[in-house]
Amino acid sequence: MKPAPFAYVRPATLDDAVAELVATGGDGKVLAGGQSLVPVLAMRLGRPGTLVDITAAAGLDTIERRGAVLRIGATTRQRRLERSPAANDVPLIGMALPFVGHRELRSRGTVCGSLAHADPGAELPAVASCLGAVLEVTGASGRRTVPAAEFFAGAMTTAVGAEEVLSAVEFPVAAPGEGFGFAEIARRHGDFALAGVVTRVRSAGGAVQEAVISGFGISDRAATRDVTDLVRAAADSADVEAALRPGTEELARDVVDTAGDSHGSQGYRRRLFAVLAARELAHAHRRSTEGRS
Amino acid sequence: MPDRTTVTHQAAVAQEGDSTDAADVAERTGAGGPRWRPARVEDAPLVTGQGRFLDDLDPLPGTLTAAIVRSPHPHARIRSVDLSRARRHPGVTAVIGPDEVLAALRPFPLSVTTRMPYFPTGTDKVRYVGEPVAVVVASDRFVAEDAAELVSVEYELLDPVVGVRTALAEDATLLHEDNGSNVATDRTFSFGEVDRAFADAAHVVVGEYDFPRYSSVPMECYSVIANWTEDSAGPSIEAWANFHGPFTMMPVMAGALGIPASRVRLHVPADIGGSFGIKAGIYPYVVLMALASKHARTPVRWSEDRVEHLLASSSGSDRMMRFEAAVDANGTVTALRTDLVDNVGAYMRPPEPSTLYRCYGNITGAYRIPAVAIRARAVVTNTMPTGLNRGFGGQQLYFGLERLMDDVAAQTGLDPVDLRCRNLVPADAFPYETPTGGVYDSGDYQKAVALAVDNADMPELRRRQAEARERGELYGIGIALVVDPSGTNIGYVGLATPAEQRKPGRDKSGSTEHVRVSVDMQGTVTVMLGSVPQGQGHATTARQVAAKRLGLPEESVRVVIDMDTATTPWTVTSGSYSSRFAPLVTSAVVQACDRIAETIKAAGSVLLEAAPEQLELAEGTVRVIGDPSRAAQFRHAAGVVHWDPAALPEGTSARLYEEAAFTPNAKAATRDEKINSSLCYGFVAEVVALRIDPETLEITLDRVSSVHDAGTVLNQTLLDGQVYGALVHALGGAMFEEFTYSEGGQPTSATFLDYLCPTSAEAGFPLVTDHVVSPSPLTPLGAKGCGEGSSMSFPAALANAVTDALSPHGLQINSLPVHGNLLHDLLDGARRPA
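Protein sequences, first through last, are from chains A and B.
The first sequence runs 345 to 637 under the working numbering.
The second sequence runs 131 to 964 under the working numbering.
If you're looking for bench data, these hints aren't it; they were derived computationally from the structure.
Among the hints, a few may not be true.
Here are some chain A residues pointing at chain B (derived, C-beta under 10 Å) [unchecked claim]:
no.: 1; residue: Ala386
no.: 2; residue: Arg415
no.: 3; residue: Ile529
no.: 4; residue: His533
no.: 5; residue: Gly604
no.: 6; residue: Gly608
In silico negatives: residues of chain B with every beta carbon more than 10 Å from chain A [claimed, not checked]:
no.: 7; residue: Asp173
no.: 8; residue: Ile208
no.: 9; residue: Leu298
no.: 10; residue: Thr318
no.: 11; residue: Ile389
no.: 12; residue: Val502
no.: 13; residue: Pro546
no.: 14; residue: Ala784
no.: 15; residue: Glu828
no.: 16; residue: Thr870
If you're wondering where the values come from, they're calculated on a predicted model, not measured in any experiment.
Glycine included, C-beta positions come from ideal geometry on N, C-alpha and C.
Work out the full structure, taking the sequences as your base and the hints as a guide.
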């Protein structure tokens, strides 16, 4: 590990952290779990003037149910959330987190860190997008909330400014009649996905009310689409997944726009997305009608 | 005498249906609570964090730290190098670049005559991304890296040459203009009536195959500490490096430094953090750091980071190859033609072009093929130089040969197993001489194949395949057979030079291993090895062999495995490579122990008043054969030698330091270009069955059956570890790992984000391993090497299985790695109208 020279501060409060970021004039970088940032520093691909380590800032490592949302603080480790009973309120967390790197990485990596890093192949941004999570950003002028749909601005790019901290994320808890699906395919377990999908279907009285899919690893950010009509049209088929396939193949041509690489060409990613989308929409639909999430 | 009968032994059934054996757990935990008994003497320090790797050592006070400036370009002329800003940076002691290298060093001596001078840095040009250009020595690595950024190099960009096809093109850009060609070596050989066999053939089967380049990815990367000093006799170098041989590189290093090999003292610690060949490529850095030390006037250390390692250390060579088989109406292969083109990277760094020749004697594999023609070329491209990698030449060769045998089966309509069995070297033909001069020492290939097929439960696999195909799914079964060479005869390097140019009296041959065994005054035995293990468990096995030979409990033997060329017995062939420990090092241990035993018996004869030849060593004693009540403790006999040597029988010297140099009878290459390129030849028969998800095209291994014949099994646990390790290494090369380059010559797999080593999650496939034992008549214990077998067989077996799975689509796997993306492209391409 041999990063370029940097200053390091470890403020005791969120306000102090923001003040430190402001003091750097945009040349600071928030350090939480460090699982993405530290390798970037070590390879000198990133050269922030100051690292603002927020892990000692009081009150940020929270997992808290607030009414209809589960609120996760800025320094809450992924592994802690994975093992927390509170995560049961948001079933997609339990479905997605085991695919975030490896256990060892999740023991250091933070939930908000993954969201703020915004890797196009990462799981948690897609979960946040599919659920319509709300992200809380704190800066010198106070706190503001940003819906997931506006938070992710592109590969490794979010609505968090250079002098701001992603201070919390709020995931909506599962509502009655909601079913979920999650799947990804990677070269190896723990790798960034070649293609992955997060699905949510809400049914009432056996009828599909709402269906949403977020794909990841396929574009510069999680691609989220309302697919209510698609799922509704397939819902009465004996084989829902098969009935969804033509629609998900068309959807794949729409949303999979990554150029691809040696691990997965655009064509292969489209194939994977179409397969996984049909599978997991059918899965979420079944659960939504069975009264299980 | 070892047991010479061939037996089979069901060794391990892993993963599938594995249940926890309560008795086994009870034994391991014991009545008095958990008590872990390590299977190897090496393990306790390693798992308790007490391993001492090179970067843990700090042998010389005042050692400074180096960082290396590397080329960002695949191919460029160096216009100028400005070191002045880096030299002025606070904390910097010395900065060296191409001028300093050219002033002090000679090109490394090469294995063949070619005009491709190789220095530890680029001098006139840079020829691959990551090639060293300058070295900064500073107070710590951070400062050194800061200053390295201040070195400015002016480059004139040249067209990059990526891939052997580009390199061989008639108008190809040349890496080394003085050579006039990108071909570093080009030789042809022919044995037997090749042309007639092809003229008479009922079938001629042709296959073209590409083998990829990948590594062993050691845990600890390269690390060097070097100190340059001068006295009245001139300069000398003392260095520490996690280098494991071959020690042929000692004179190569000395040659570059322009000093006698005796002026280079090299230390290697007991723990070197893995290698399987890759760390043989460290030696240019030893020379480079020695030169940096000369300029810094202090010892200098450098530890490679992972990015440097994946850019610029070493890898196995990728190979483009063409195979042709002449086959008669019965499916007998009557002749073979091979055209092998290795991509050795930017320089033909010694010991290349050995990848081409390591399997020369076993180029016809497991088959009795009487005639063979070979063209062997090594080509330079703008990529990382290559070198040793577990299997060294074998995985490349057998990928071609074993894919070809499946193509022969397809063309003759024979079952792939049946076709192979028709061509196997018969069990009564050993020792079997191959057309290229190899002498297979022992084996029973039919028995091993039958066992592998039986353990795989072939009827069940075929049933699964039929069911899968009925459902429109993809299921494939593949086999590969490998003759597994061990104990390299370095004489094969000579074949790269035409016989008429090889100087009489300058031949190379053999593969000697030295050991030293001593006994102290309390009877403790010390075995000193020059084998420089990389984690294989040499200490465990050497201890076991020595203890058994001397009739002692294993606790009475300790093994020294760290290396110091000033004190450890060694020769040019020393080191750990070519699976040489089991056949060669243990043989030397036996020889040295037998000499020790003579002295102990002589001392025992004094204590027991019996003739030495009436005595034996057993149960920690020296005792009268047939009368165990007349016994003296081994340690008392050793005590006599140390304390009372005058009491020894007339003519007995008080020698309790014995060195042995096990010297296999492996001759140099003959004038007619034949060579027995290894001492021993083991065998592997491997069956792979797999499913391919018809939608996602993910490949799932359904069953692997692997049967090995490594001669006498010295230590079943360690042998199984080698089998599993080689399999998973091969799984990496076959499905995950590959060094890739863009068309512009930029590496595209230089971090672990893109260079994908299999992890435990990928390694948990159903595996049945088993053994056939055909002891070698050439080693005292009958043992052969066993460290590389499946690294050669598995890539071919997997490709054959995937090809079998794709047979409904008429597609073949003729390159690796194979994964969903590749299958998608193949199927997509097949769907499109031509």
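Return the numbers of the hints above that this structure violates; sort them in rising order. Hints 2, 15, 16 contradicted; others consistent.
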